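Visitor: Sequence:
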Amino acid sequence: MSHTLNFKNNKRLIGPILFITVSIAFLYVVISNSPKVLILHSYSDDYVWTALIDDGLKNGFKKRQYLRNKIYYMNSKHRYDKNTELFADQVIAQYDPDLILAVDDNAQHFLAKKHLDTGVNIVFAGVNGEVDRYNYIGKKNVTGIFERKSILGISFVLNALNEYNHTEDKKNITLLLDSSNSSKQDKNHLTQRDWGDFNFNIRQVETFAQWQQFIHSLARNKVDYLLVSGYRKLQTANDPNQYVDYKTVVEWTQAHSSVPIIALNIFSAQDGFALAVGSSPFEQANVSLEIIDKILIKKMTPKDIAFVTPHLYSIGINKTALKKAKYKLPVFIESFAEGTDNVYE
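Each residue of the sequence shown is one higher than the one before, starting from 1462 at the first, in my numbering.
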């Protein structure tokens, strides 16, 4: 009797077990055949810009279970050498991706040098300048989204500050930057833009001493607002190959500027500048994912997808620096920064 019951019970279990086994096998086949995306970051995840793009990508991939992904950080912010390329080569060879999402310029430099003509699809993001230097123009396997300083965002903040502080007559703005390649690209881009009612000027320097000299001359030069872009490549007084620590630059500039400062990279708020307006890292992530879908799911050829110019911006604040600032910030700007998790101490 018991043998009969056991047989019947076992028979009842065969169906569910078979269903589960087939489902697992089917899921394995689907996953193992789903397209693979390698996210190749130029820098490391302790860099705010990189971390925020990662947040956007991770949220996006949660909704895209049909895509496999792997993140690799080249960690080349301060050092790029043969080992940087060797390790990235090894990751690409081992993962064998269907598409590489290359973020920021060093990743583009690496791909242009070694992987541009291998046939792998490439989506670029976070590129400050033009992509002709990477030989991307006309390539059938390349498309992406640029990174651009937002004139709309900067003008919005400037007008908000003027209105809130009753200083509507303050229209003279100067961009101060170092002589790095990234700064040169910012200079070229921002010089060509329409600044509306604002009088826009640029001062580019090589040394920290020159930087300090200009900060001391702000009142004499009738500067109302100071925009700051590159400040990590300011040469020391004794050695042109040595740069002043960026924290020293930020602290000194915040302490000695006689006018409000707006930094033009969102990570600058974490560095210590009171107020920053920069490209939206979430737009970089979301647009990149939309492009990836077009290529891997809709089977579009990358060259048939137009390069994207970004339209959104983010605002960041540093509360510690803001307490010492010589101006008041509208509450809605602080709320904007808090809503996008761009508030630092």
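Any given hint might turn out to be false.
Listed next, with one range per pair, are the computed distances between beta-carbon atoms [what the hints assert, rightly or not]:
#1 D1593 - E1629: 53 to 63 Å
#2 N1544 - E1751: 13 to 23 Å
#3 Y1625 - D1700: 25 to 35 Å
#4 Y1625 - D1557: 21 to 31 Å
#5 Y1625 - H1772: 35 to 45 Å
In silico lysine-lysine, BS3-like type, Cα no more than 25 Å apart, as pairs [what the hints assert, rightly or not]:
#6 K1601 - K1574
#7 K1789 - K1523
#8 K1519 - K1755
#9 K1648 - K1632
#10 K1600 - K1764
#11 K1759 - K1523
#12 K1755 - K1523
#13 K1600 - K1632
#14 K1524 - K1683
#15 K1789 - K1524
#16 K1600 - K1785
#17 K1531 - K1575
#18 K1648 - K1601
#19 K1575 - K1538
#20 K1531 - K1694
#21 K1601 - K1645
#22 K1755 - K1784
#23 K1524 - K1574
#24 K1760 - K1600
#25 K1600 - K1683
#26 K1524 - K1538
Since the hints were made in silico from the structure, they are not lab data.
From a predicted model like this one, the values you see are computed outputs, not experimental measurements.
Even for Gly, the Cβ is constructed at its ideal location relative to N, Cα and C.
Visitor: Give a verdict on every hint.
Guide: For each hint, the structure was consulted:
The hint said 53 to 63 Å for the Cβ distance between D1593 and E1629, and at roughly 41 Å that hint is violated. Distance hint check: the CB atoms of N1544 and E1751 are about 34 Å apart, inconsistent with the given range 13 to 23 Å. In this structure, Y1625 and D1700 break the distance hint of 25 to 35 Å, their C-beta atoms being roughly 43 Å apart. In this structure the hint that Y1625 and D1557 lie 21 to 31 Å apart at CB is violated, the actual value being about 54 Å.
The given range of 35 to 45 Å is broken by Y1625 and H1772, whose C-beta atoms sit roughly 25 Å from each other. Only pairs whose Cα atoms come within 25 Å are accepted, and K1601 paired with K1574 is accepted, the gap being roughly 17 Å. For the hint linking K1789 to K1523, the alpha-carbon distance of about 40 Å lies beyond 25 Å, and the restraint is violated. Of the pairs offered as hints, the one joining K1519 and K1755 holds, with about 18 Å between alpha carbons and a cut-off of 25 Å not exceeded.
For the proposed pair K1648 and K1632, the alpha carbon gap of about 19 Å is at most 25 Å, so the pair holds. Restraint check: the Cα-Cα separation between K1600 and K1764 comes to about 6 Å, which is no more than 25 Å; the hinted pair holds. Restraint check for K1759 and K1523: the C-alpha separation of about 19 Å stays at or below 25 Å, so the hint holds. Among the hinted pairs, K1755 with K1523 is consistent with the structure: their alpha-carbon atoms are about 17 Å apart, no more than 25 Å.
At most 25 Å may separate the alpha-carbon atoms for a hinted pair to count; K1600 and K1632 exceed this at roughly 43 Å. A hinted pair counts as satisfied when its Cα atoms are at most 25 Å apart, and K1524 with K1683 does not qualify at roughly 51 Å. A C-alpha spacing of about 41 Å is found between K1789 and K1524, which places the hinted pair above 25 Å, so the restraint is violated. A C-alpha spacing of about 50 Å is found between K1600 and K1785, which places the hinted pair above 25 Å, so the restraint is violated.
Distance hint between K1531 and K1575 is fulfilled; the C-alpha atoms sit about 20 Å from each other, no more than 25 Å. Using a Cα cut-off of 25 Å, the hinted pair K1648 and K1601 is violated, with the two alpha carbons roughly 30 Å apart. The suggested pairing of K1575 with K1538 holds, with an alpha-carbon distance near 20 Å, which does not exceed 25 Å. Of the supplied pair hints, the one linking K1531 and K1694 is violated, its CA atoms being roughly 32 Å apart against a limit of 25 Å.
Note on K1601 and K1645: the hinted pairing is violated, with a Cα-Cα distance of about 29 Å set against a maximum of 25 Å. This hinted pair does not check out: K1755 and K1784 have alpha carbons roughly 46 Å apart, beyond 25 Å. Between the alpha carbons of K1524 and K1574 the distance comes to roughly 33 Å, so the proposed pair goes past 25 Å and is violated. With a CA separation close to 16 Å, the supplied pair K1760 and K1600 stays within the 25 Å bound.
Annotation: proposed proximity of K1600 to K1683 is violated, straight-line Cα distance about 47 Å (limit 25 Å). Simply put, K1524 and K1538 have alpha-carbon atoms about 31 Å apart, too far for the 25 Å limit, and the pair is violated.
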